[in-house]
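Asker: What follows is each chain in one-letter form.
There are 4 protein chains.
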Amino acid sequence: MKIEQNHIQDSNKKSLQSHQEQFDFLSNNLSKKGADVQGIINKLKDFQVAIPSWALGAGGTRFGRFSFYGEPSSLEQKIQDVGILHALTQTAGAVSLHIPWDIPQDYAAIKEIANGLDIKFDAVNSNTFQDQKDAKETYKYGSLSNTSEAVRQQAIQHNLDVINIGDKLGSKSLTVWLADGSCFPGQNNFQTALQNTENSLKEIYKGLPNDWSMLIEYKPYEPNFYSTVIQDWGTSFMLANACGEKAYSLVDLGHHLPNSNIEQIVSILMSKAKLGGFHFNDSKYGDDDLTVGSIKPYALFLIFNELVYGMQNNPNNPDLAWMIDASHNVKDPLEDLIQSLEAIQEAYAKALLIDQAELKAAQLNNDVVKCQEILQDAYRTDVRPLLAEARLKAGGALSPINAYRSLDVRNQLIDERGKHTVATGL
Amino acid sequence: MKIEQNHIQDSNKKSLQSHQEQFDFLSNNLSKKGADVQGIINKLKDFQVAIPSWALGAGGTRFGRFSFYGEPSSLEQKIQDVGILHALTQTAGAVSLHIPWDIPQDYAAIKEIANGLDIKFDAVNSNTFQDQKDAKETYKYGSLSNTSEAVRQQAIQHNLDVINIGDKLGSKSLTVWLADGSCFPGQNNFQTALQNTENSLKEIYKGLPNDWSMLIEYKPYEPNFYSTVIQDWGTSFMLANACGEKAYSLVDLGHHLPNSNIEQIVSILMSKAKLGGFHFNDSKYGDDDLTVGSIKPYALFLIFNELVYGMQNNPNNPDLAWMIDASHNVKDPLEDLIQSLEAIQEAYAKALLIDQAELKAAQLNNDVVKCQEILQDAYRTDVRPLLAEARLKAGGALSPINAYRSLDVRNQLIDERGKHTVATGL
Amino acid sequence: MKIEQNHIQDSNKKSLQSHQEQFDFLSNNLSKKGADVQGIINKLKDFQVAIPSWALGAGGTRFGRFSFYGEPSSLEQKIQDVGILHALTQTAGAVSLHIPWDIPQDYAAIKEIANGLDIKFDAVNSNTFQDQKDAKETYKYGSLSNTSEAVRQQAIQHNLDVINIGDKLGSKSLTVWLADGSCFPGQNNFQTALQNTENSLKEIYKGLPNDWSMLIEYKPYEPNFYSTVIQDWGTSFMLANACGEKAYSLVDLGHHLPNSNIEQIVSILMSKAKLGGFHFNDSKYGDDDLTVGSIKPYALFLIFNELVYGMQNNPNNPDLAWMIDASHNVKDPLEDLIQSLEAIQEAYAKALLIDQAELKAAQLNNDVVKCQEILQDAYRTDVRPLLAEARLKAGGALSPINAYRSLDVRNQLIDERGKHTVATGL
Amino acid sequence: MKIEQNHIQDSNKKSLQSHQEQFDFLSNNLSKKGADVQGIINKLKDFQVAIPSWALGAGGTRFGRFSFYGEPSSLEQKIQDVGILHALTQTAGAVSLHIPWDIPQDYAAIKEIANGLDIKFDAVNSNTFQDQKDAKETYKYGSLSNTSEAVRQQAIQHNLDVINIGDKLGSKSLTVWLADGSCFPGQNNFQTALQNTENSLKEIYKGLPNDWSMLIEYKPYEPNFYSTVIQDWGTSFMLANACGEKAYSLVDLGHHLPNSNIEQIVSILMSKAKLGGFHFNDSKYGDDDLTVGSIKPYALFLIFNELVYGMQNNPNNPDLAWMIDASHNVKDPLEDLIQSLEAIQEAYAKALLIDQAELKAAQLNNDVVKCQEILQDAYRTDVRPLLAEARLKAGGALSPINAYRSLDVRNQLIDERGKHTVATGL
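Just so you know, the protein sequences line up as chains A, B, C and D, in that order. Residue numbers for the first sequence, in the numbering used here: 1 to 426. Residue numbers for the second sequence, in the numbering used here: 1001 to 1426. Residue numbers for the third sequence, in the numbering used here: 2001 to 2426. Residue numbers for the fourth sequence, in the numbering used here: 3001 to 3426.
Careful, some of the hints might be misleading.
[What the hints assert, rightly or not] Pairs of lysine-lysine residues, derived as DSSO-like cross-links and limited to a Cα-Cα distance of at most 30 angstroms, are as follows:
1. Lys2032/C / Lys2045/C
2. Lys13/A / Lys1032/B
3. Lys1272/B / Lys2272/C
4. Lys3043/D / Lys2370/C
5. Lys1246/B / Lys393/A
6. Lys370/A / Lys3043/D
7. Lys3370/D / Lys2013/C
8. Lys1033/B / Lys393/A
9. Lys1370/B / Lys2133/C
10. Lys2013/C / Lys1202/B
11. Lys1370/B / Lys32/A
Quick caveat, the hints were computed from the structure, so don't treat them as lab data.
Next up, chain A with everything else stripped away, as it sits in the complex:
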């Protein structure tokens, strides 16, 4: 199914007047305080977040999985789902594929579907944390870091294949997430494992087209529970430097130890021109993969404050590959993603409201109270009218979640696909 423009406009009608009042009032307030409201709305319109193909079905935990009706069962249907999200929100204009789950059978057809929905192909993701059916080598004891050269070669070749697939679709970056690590002290030699990983990444890097980036993800634990080879930003940064200028670190919000100051990591990576990608989600305990902004929205705002600052002050960073990397165990995945997109835009809009010059002055003055006031003033502002206006201008829904429900999207998907389809993915 596809959501047509006129359906969205119909769904907007009854709220239009109310929206206009809210927006005018807020816009007026913000303009008085010196904010460039139109500039903010333009930035919100331009901000597009990729949806990973594996986030469109129900997620699971090691304790089981409760499926959801109407899941997409093919790549085409996944892209349709992203199209639905994008039509409603106008901020989901990209999809991030995972190989081998999403290998296209007909590239031209897939590209045509995506084009028709205004969806780009963002970073492609390789998978060396599971064994494929007829794989010669096993990743049980690691992939790019494995002590066996044959395993490393298989993993390297897989990444090169992924680049090749992505290239045909118009992707411009490869995301490498390694599950490599160890479950027990002594299992791995840390130095060897890192050296092998560095060597393997360099091999992959050699196969990168000139206009591509390689994004190196880090994670402190899971599925390995004693150590991971790329455990933190420092290791990722070191590897990116070793590979070259097209290699960057990728930050996933859930991949940090308790109490980490993630916004500082983001800021420092940007200051060194080495932040290449970003995975959004939220968490209370570990890599919980919850809806963005559902647990720690202020932390998300602080991160966006650094992102906005970096985009303005650190021109040597690439355009970031933004992606939502969440899982949905108890919600309709599309509704969950709509909530995530809303939270991202909200944090971005609030960060754009911060008067950077005023903040810098307060910092130079060591006026800590004022610094806090400036941040909180932006954060406490109810920016929903700005988000709605940006969507409206772009042809989206004033309230995507309400539109999704009133248009009865899920039931239409069930009608088309049946109840018991199962999406590939985690």
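Could you slot chains B, C and D onto chain A? The hints should help.
Answerer: Only chains B, C and D this time, still in chain A's reference frame:
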């Protein structure tokens, strides 16, 4: 010094019209959605938070202390400071004393000063974590839990003395925070330490006037770094049950292990009619004692959601003893406290906006997306006009922090007190 | 397959003399210091740990599962595996079944197999965290805590069925672990969820035979990632008290927030006669389910110190249901379990070496240095000869892991079962 | 006071025979397994750990300080204390001074005292986290990272002064620990703060004598509770690279977020030839500064495993500056330090027992069970006889803690110094 009503009204003048517009617009919006705006404002006006006497000076860490000019150097001056806070915010109508730091020399005089500023005496706090100059026994190895009966007796007697002092001032509750615990495995016998503590608390409980409450605080670590005798809410709850119906648990936001779900603890304690007090602050790592709402404002909102629910549904809990327990290393303490009071009122107001009936319906329907929407709708609302209105109606400042600065309070205090006074406390 | 006594004795032969020397030397040393070596060996012999049926196959994570050759594919084969462990270690004399994974088809036959291997049936485990194929109701939104009475009834009935099955096999306790909780703020009403759980547990409790115990497990998170209904020992303890004297708390080492002092929890539960069961494993980050003693062996020792103390001083606790609850992603499950059993016995033996009278004296004297010396003296002792002696006397292998390998057990299992069998479980 | 050789020998007498038996038995066992016992003992003898001058008095927390009798009140007395530790343990042959607490008045005299006790001057420590009495600038808002150039200059000059003082005493390295950071979001611009720090460190680096090292410490929080400028090893490593080849990272065991894999950090820093120093202590919650090995001895062993590996395989690292950085709130500081020294030597000895070739073979074979067995075999060995033998050969006490007590050292110190002296420090 004392802030006069007319000074506040003067400071409000230039923002009055703007406030009225903001308030009307918001009030209108909220009323349309079914909110009882006037009821919320009345609740905000009624909500009073105690200021602890030790929070009026600069705080320190074990690495040192950077002092602040114009600190209060006597109990009178401390109460004056609370008076300033209350005049501006109209939400700081109580002080919480710490013995022996705040033993009045002239009870009648102290009460008169407090009355004149509309300040009540909230819970009194005992101190058995430091040795006083001429103490016979040392608390180095514990107080109420100590293996020595003489030490325990001294600590019990101190608590009885504190009750006596509080009674003369009109306090109605005793807060017991124990630093007791151990720094090394084996140092303490856990069972003996807990049994001693229970026995000691029962002795203190016997000395409690009929209309008093005993509030038992818990904390997982610091200043002891291996174990604490009352490490968590479960232990505090067990002790409160052992003592009797006038004994309750007290929750301090900073006293939890990483990632604790504090709102659930609050909710469960209220359901058992055993939540007696609350210490506000914020933290990223441990008991950091930062300004309320400066790090995790959404968590504070979720806690208030449970408090509001409990106040409506669990009538057997006492009126809670609300207190700010923060420390101020880099801010003017009074400004810090104003920011804390604002954050508390904000979280409370937002929690009051939650439509509990709608939430319950969504919960029964397992509509998780809707549940989240309901909470986020309340949280995303900019409630500052409600807070300002409540303050205005009560005679406070529209913007307490701006008024504090424009009235040049700190400099007046320095003029009166001198630069190098030092407040008693941590 | 079954390991015959004479095979074990053969495998012991070449190490017998060396063992005797080691044991004599150690025994002599310990006796000089006043230890009752024979008493310790008897206690080690008596100490039996249950093996859960689901731990005999390869474990997995949400990212996948790497299978292992020769996994047991039936209940009979699972019990055979426990028989192998027990023959070698003489400390695995029980199995803990999980329903519905392990419903016997022929009770008499299963009991006969178990009897022949000297295996008892320990606690039976219910499963309300997954939906079974033809279930009427879904546990997606909870089981015993569900807002729907029909779901609760199904979950209650399942637990009663599990009791019935266990009863036929000679089990004497039911372990209830709930995955119930929520993934997002607002999803659950904490008070309702807990009240429903309490009511449901009471229903199950009514169906408990007189000589049975009900063990209530707690866990702070996973698979729910915002809240769990029974989040900590305090909640479990409260529920056990509400149910009655046959209800107890069960401690799983992996089910705690970072930095928890688990030994203190154990101690306090024992002092209140409410510790009923224990799940062993190890972890660095969360519920990692690693081999016991592989990450924090000293913490395990400290826990055993409290267990030993409690067994001596708190006679009102029941015989504890000891069980290993680990998962094995990169090791042969049987080897992993042998390592776990060894670590448990080691910690137990060391705890038995602590001179409790001397420790108490040092505690009373506040001689913290001495307290630590006493614990460390016991911990630093190499107790492996004691473990080997206890096994030898009981008919087990001097070195179970070496015997397992030299007897080529895994290959025999593969020959019998084939490579690609898959055990039921997580 | 000074402990004479003959006193130590007297105290050893009654245990000599028993020691010899233990040592012979163990030595024999280990030799059979292929260990080079004499080589290990030589390494133990060579391993010297610096005692920081501030660790010789009682420590405190922000909640207070319980003093200890007989504390050293001058630099001379501090060095005497180190002399006592070294005489007993033969592993404390260095002192680490802290400026301005330990500025010598008579360099020649101080050096003579130290020489007479066989004590070297290890790394010198600067202090820019406290304001000195007549300081022109305040470090309240940072030192090397401060936005004010005057403050940065003062801090740089202080470090240069410290180098100068250390140079006169024979130190060869400067340890820079910064408390710099922020307590609230927005207070600092992360990029500016880091850039200022880098520039300041480069200025200090310029003043470093050719044969000196600069050791850059990192810490995630405390005394700043929102951010620190050098929050992790990645930042420290980046700064060390920016400064030059004489700059290194320094690892303090307590300066990590919960659950950090410190041994991996150590290993990776060594592989990059950037590990320059090491601060020993132990902790359960944060930077608790407890006795080394008192909480997580296995983690210490795993760290030493990496250190031993690195010392053998990464020749480009400098000789490490080993130091104990603990605090003593409830123990006699000297006894505490003796326990720490013992724990360090124990971990080192056990790490030396690991058969690296066998471990590497097991790793290449992915024999995870075997890898664990190898590590645990070393760890489970009771190496105390090796430690005693190394001390004996070097002229130290068989049991330092017993000798310290039997020689009645503390009472002699009290007699000499009086009860109420207070050492400078935290």
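Asker: Run every hint past the structure and note whether it holds.
Answerer: Results for each hint:
no.: 1; hint: Lys2032/C / Lys2045/C; result: holds, 23 angstroms
no.: 2; hint: Lys13/A / Lys1032/B; result: holds, 18 angstroms
no.: 3; hint: Lys1272/B / Lys2272/C; result: holds, 20 angstroms
no.: 4; hint: Lys3043/D / Lys2370/C; result: holds, 28 angstroms
no.: 5; hint: Lys1246/B / Lys393/A; result: violated, 60 angstroms
no.: 6; hint: Lys370/A / Lys3043/D; result: violated, 57 angstroms
no.: 7; hint: Lys3370/D / Lys2013/C; result: holds, 22 angstroms
no.: 8; hint: Lys1033/B / Lys393/A; result: holds, 26 angstroms
no.: 9; hint: Lys1370/B / Lys2133/C; result: holds, 29 angstroms
no.: 10; hint: Lys2013/C / Lys1202/B; result: violated, 63 angstroms
no.: 11; hint: Lys1370/B / Lys32/A; result: violated, 35 angstroms
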